[in-house]
Amino acid sequence: MNLTAAKARQLLKDLRLFFVLILLMAVLSVLSPRFLTLGNLSNVLWSVCIIGIMCSGFIYAPITGGIDLSVGSMAALAGIIANVLMNQVGIPWVPALVITLACGMFIGFINGIVTTKFGVPAFIVTMAAKTYLFGIAMLVSNGDMITIMKPKGFLAIGVGKLFGLPIPIYIMVAVIVASHILLKHTVFGRKAIAVGANEVAAKLSGVDPDRTRIMAYVLSATAATVAGIVMASLTQQAYAANAGGYELDVITAVVVGGTSLMGGSGSVAGALIGAVMVGFINNGLNLLNMPSSFHPLVTGVVILLALLLNQGGKMPKFILSMRKRLGDPGK
Amino acid sequence: MAENSDASEEVLLDCRKICKSYNGPMVLSDVDFSMKRGEIHALVGENGAGKSTLIKIITGVTGRNSGTMVFEGKEIGHDHSRTGAQGLGIAVIYQELSLIHGMTVAQNMFLTKEPRMPVLGIINIRRMNSLAQAMIDRYGFNLKATDVIDGLSIGQRQTVEILKALNGKASLMIMDEPTSSLTSAESAQLFGIIRQLKADGISVLYISHRMEEVFDLSDRVTVLRDGRLVEVLEKERIHPNEIIRLMIGRCLDEKDSKCVMERKGGEVVLDVHGLSSEGKFSDISLQLHAGEVLGIGGLVGSGRTELVRAIYGIDAHDSGSISFQGKPWTPGVSQSIRGGFGFVPEERRLQGIMGGISITGNIGITNLDSIAGKGFVSDRKELALSRKAVGLLNIKPAEPSLPVGNLSGGNQQKVVVGKWLIRDLRLLIVDEPTVGIDIGAKEEMYQTIARLASEGVSVILVSSDLPELTRLSDRILVLRKGRIVKEFAEGAVTEEDVLRASSGILEGGAA
Amino acid sequence: MSITALRRLILIGLLLAIGLGLSLASPSFLKLDNLMTLLQEASQTGIVAVGFTLVLITAGIDMSIGAVIAITAMICANFLTYTHIPAFAFIPVALGAGCLVGLFNGFFITRFKLPEFIVTLASRGILAGLALLIAVKDADGFVSNVFIQDPVYLGFGGTVGPFYIITIVFLVLAVLVQFFLKRTRSGTNIYATGANPTAARLSGINTDKTIFAVYMFSGFCASLSSIFLSARMMTAMPEFGIGSEMDVIAAVVIGGTPFTGGIGDIWGTVIGTVFLAMIKNGILKLGISPYIQPIVIGGIIVVVVVVDVWYKGFAERLARNRARRRTAEQDRAAA
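Chains as they are written, first to last, in my numbering: chain A, 99 to 429; chain B, 696 to 1206; chain C, 7 to 341.
In case anyone wonders, no lab produced these hints; they're calculated from the structure.
Hints are supplied without guarantee of correctness; some may be wrong.
[Claimed, not checked] List of simulated lysine to aspartate or glutamate pairs, EDC-like, C-alpha gap at most 20 angstroms: (1) B/Lys975 <-> C/Glu335; (2) B/Lys746 <-> B/Glu926; (3) B/Lys1176 <-> C/Glu335; (4) A/Lys301 <-> B/Glu1041; (5) A/Lys282 <-> B/Asp1074; (6) B/Lys731 <-> B/Glu767; (7) B/Lys1069 <-> A/Asp306; (8) A/Lys215 <-> C/Glu335; (9) C/Lys318 <-> B/Asp842; (10) B/Lys839 <-> C/Asp314; (11) A/Lys282 <-> B/Asp1064; (12) A/Lys248 <-> A/Asp306.
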C-alpha cells in the first residue's frame, strides 16, 4: 500500500469541502453582484454564528449514534427564560444567563436519560422535547413576540463589538474551538466516538455508554441554549417560534461536514464549513429573490444528497462516479 | 409417506467430490456425502473440519467450487440458492431466527402460505388453526396452535421451527447443534420428534458435539476432518470412542497430541469460589496462579463465555465470591481494567474492534488512564503507545492511522490483544482468540500467550480448538451444562480426553 | 389475560374516567354537538394515524405526513382556483400525490438504507417548501386565502345524521385496515417485516415491497385527511398539517403500538386518537391556556413511552419466572 498516496488522497478528501464552499461562493457572486459586499457577508455571518454555535454541541448526538431534534425549540425557550429572569424577576444578567444555561443542561439531561435508560429512539424523545419545549415557551411568553430593551450588558452580547468584530463571532469561534478540542483531544471525545462506532467494544474497554450519551445530549442542549441567548440578544427579541426549523439547518451543516448519522465519526471543523454553506445557500436564495419557501426545500434536498455522498455501499452509478471525481477513495 | 418398503434405501441426497475454498486454503476437498430417505444421519468433526461449510453448500447459502449434487434424482446446478433449497424441500432448523415474535404458532407455521377463503383472499383463521392443531396433535406436541411465540420456551420454539419446516413439505431437515440451549427434558422431547420424522420418511441431518446423542439417534455417521471425509460409519460401528478417534485422527501420532500438564506453583492471583449465575453456570470454583495458562474447554453453550464475562465484570453473578491478589474483589469492567485485567472477547467484529476507527483509536480507548491527564488526551503519548503495540505484535500494515476494519482478520485480532499488552497486565482473558485468522497469525498469537505467561501474567484461555487448548494450557477445566465436570491438572492429556469430557463421556464408555 | 389486553383495558378505563371528570367539570362537554366535534377532531388525526400505525408496525417512522397534508391541500387549492375540473376528478390526483411521496420515502429507505426518520424529515422539508411554492398567490406574490365554494368538495365537511362524514370514513377505514392486517397475507407480511426482517425474507416475504407499500399508504392516508380538513375549514393554507405529526405520534403511542415494530393494531390507534382528542377538548372546555397543548402532547409521548418500557419489563419478568417454573416442573417430571 502506498501510504503517501493514501495520505494525499485523504488530504484531498479533507479539503473537498473547502472546494465546494469556494465553488458555491463563486457561483453566488456571479449570480448576484450584491453577494460579495461587506454588508451582505456580515448578514450571512449572523445566521452562521447561530448555526455554528448550535452545531458545536449538537454534533455529539450523531457521533454517539443519536440525534437531537429539540435544539431549535431549546434556543427559542432559552431567549424567553433569559428575558423573564432579567426583566420580570429582575435578576442581574450574568446570574440570569447562568440559570438559563442550567435549565438547558437539565433538559438535555432528561433527553439523555429517556433515550439511554428507557431505550426510546432518540429522534422520538427529542421530537417530543421539541414539542413540549415549544409549548413551555408559548406558555411563558403568552405567545407574544417580546422585545428586549435591557439590560445593556445582555444586549452587548449580540450587538457589541470587540476590536472591530462583532462579539457573536468570538463566541462562535470560542465554542467551535472548544468543541473541536473536546472531540479530538479529550477523554470524553474518545469515548463518544467509541460508543458511536461499536457500543459493545467500547463497553468491554471500560467506557460507560449511557453516561457518555447522556453527556452528549447535555452538550447539545447547552450549545442550543448559548445559541438562543446570542440570538435573543442579537435580534433584541424573544419569541417562541424563533429558530423553529433550525434543527434541520443544523443537521444539514453537520451532515454536509461529513459527520455520519450512524455514529462513530464526526468533524467539528467540517460542521463549521457546513454551517457557512447553509448560511450562504439561505442568503443566496434571498439575494436571488427566491421565495422563502425554497429554504426548507433546498435544505431537504441537500441533506439527502449529503447523506448519499457520505454513505458507502449501495449507490447508483452516477453517484459512484461523482464520488470518484471528487477524490473520495471510498471503502 | 413411504409407499414401498425399500423407500429407506432410496438415496435422497448425493454429493460427490465437493470442493470449496473461500479464498486460499481448501475448506472442503473432494468430500462425498450422501443421505438416504428417512434416515437420521449425524455429521461430526472438530471445529474447522468443514461441517458448517458443507451445510451451507447443501442449503444454498454459499456456492461450491466443484463437485456434483443430486437431490431426489435431480441434479442441482451451481445456481443453487437458499430459496431454491427451500423449494426443493431442504429445511434448516434455526434456533429462533426464523420465528416471528408476536404471532401465534399457527401464524408462524403458515407464514406466506395461509389458507384463504375463495373470495377476496381473506385468511381463513379457523381453518389455519385447525390445520395447525391437527399437525401438532399428530406429533403429540405439547402446544396449542393459538399460543403466541413470545410465551414459549426455547425448546417449544424449536418445535415450532420444525413444524414450520414440515408444513413447507420438507424432505430433508438439517439441525445444527439443536440441543445446545435445551434442558434435558426438552432434548429428550426433541429426540422423540426426530424419530417420528424418520418414521414419516423424512431425513434428518444432525450436527452435534454431544456424543451420547449421536450415539443414540443416528443410523449413520459421517466424520469430517480438516475438510476431508474420514469415514462413514454404519449403525453397528457407531461408538463414541470410535467417533472421537476418527475425529481427532492425530492421536496416531502420540507424541504430538499428548501434552503434559504441569500445575504451576506461583502465588494464587485469582480465586473464584462457588460462582453461580442462574441459567448460565453454577457453583464454579477455580484458582489461577501467577504465570499460569488456564484452559477452559467445553462445547459452545456450556457456559464458558458467560463465566469469563462474569469474572471480568460485564455481567453480574447471583452468588459466590471472587478474590483477586488475595483481596475480596467485586467485578466491574472499569475496576477490572484498573486492576490489571485484559479481555479479548469472542466475535471480534461485533465485540472486539471498532472497525471505522484507526488502530490508534482502538488502542487508545483502553489506555485512556495512561495517555490522558486531567481529561485531556496526549496525541503524542497515544501514538507512541500504539506504535509500541504495533511493533510488539508485528501488526501489518504498521500504520497506526489506518481504520482497523481495513486490516486482515489476524491483524484485527492483534489490535484487540495489543491494546492490553501495553498495560501493566496481571490477568488476560481470551475467548476463542484464533477463530477466523490465518495460520501465521495463529502461531504468533500462541507465542504471545506463551511469552505473557513466562513474564508472570496469568491467562484464562477459552477455546473450542482442541489442539490449541491442549498445547497452550498448563491446566484445563472442562465445562458442561454450566458446571465444571473435569479438571486436567497433572500428567498427560490428549485432545481426545478433553473432547470426551466435553461431550459427556467420562472415563470411557457412553454417559 | 395478555399484557396487551390488560393495557388496553387500563387505557379504556382511563378514557372513561377522564370523560366522567370532564362532564362533571364542564356541563357542555356531554352535549351532542361537542361530542360530535370531538369525534371529528379525533378522525382528522385518526385517518393519518391509521397509515402511520402500519409504518410503525414495520419498525419505521414517517415524519413527512404533516407536510403531505399541506401539499395535498395546495394541490386541491390550485385545481379549485385555476381549473373547472370537478372535485371527484382531481381528488384522486391529490390522493395519488400522497402515494407518490410514500414512493419517494420508500425508495430512499430501501435502496440506500438511510435511516427512516432522516429521509422522511428531509422529505418533510422538501414538501413544506413545495407547498409554499405552489400556493395560490395574489398579484403581489403573497399567499392568498382560497375560499372553497365547490359544493362537492365542501360536501366532505358535511354530516350524515349527527355524524360528520369524516368520522364515518375514519371508522370504516379503521375496520377495513384492521381486517386487512389480521386477515390477509399482505397484512401478516407487514407484521413479519417489522418483527424480524431476516426471518421474513427467509420465509419468502419481499420486505422491500412491504416497506414501499406502507409508506405509500401512509402518504395516502395523510392526503385523505387533508381533503377533509380543507373541506371543513372551507379554505386551504400551506401551513395545514405542519407539525401535526406529533399529534399522530402521540395518538399511536397512547394506543400501544411501540417503536420496535412487529406489534400493534388499529383498535389501539382508534382509542388513542379519541383519548388525545378528549384531552384537547378538555383543555378547551376547562378554559386552560391553549399553549399548554404542545406541552401535553410532547409530555404524553415521553411519559407513555417510559411507562410502557417499564410495564413491558415488568410483564416480561413475570413471564420469565412463570416459564422457568414450568421448565423446572417438566425437568422434574422427566427425571
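Okay, the hints, checked on the actual structure:
For a cut-off of 20 angstroms, the pair hint linking B/Lys975 to C/Glu335 stands: about 19 angstroms separates their Cα positions. The suggested pairing of B/Lys746 with B/Glu926 holds, with an alpha-carbon distance near 14 angstroms, which does not exceed 20 angstroms. For the proposed pair B/Lys1176 and C/Glu335, the alpha carbon gap of about 18 angstroms is at most 20 angstroms, so the pair holds. A hinted pair counts as satisfied when its Cα atoms are at most 20 angstroms apart, and A/Lys301 with B/Glu1041 qualifies at roughly 14 angstroms.
For the given pair, A/Lys282 sits about 9 angstroms from B/Asp1074 by alpha-carbon distance, which is consistent with the 20 angstroms threshold. The suggested pairing of B/Lys731 with B/Glu767 holds, with an alpha-carbon distance near 10 angstroms, which does not exceed 20 angstroms. For the proposed pair B/Lys1069 and A/Asp306, the alpha carbon gap of about 18 angstroms is at most 20 angstroms, so the pair holds. Taken as a hint, the A/Lys215 and C/Glu335 pair is broken in the structure, with Cα atoms around 35 angstroms apart against an allowance of 20 angstroms.
Between C/Lys318 and B/Asp842, the direct Cα distance comes to roughly 19 angstroms. Compliance with the 20 angstroms bound is thereby established for this hinted pair. About 28 angstroms separates the Cα atoms of B/Lys839 and C/Asp314, which puts this hinted pair outside 20 angstroms; it is violated. This hinted pair checks out: A/Lys282 and B/Asp1064 have alpha carbons roughly 16 angstroms apart, not beyond 20 angstroms. As the CA atoms of A/Lys248 and A/Asp306 are separated by approximately 44 angstroms, the hinted pair breaks the 20 angstroms bound.
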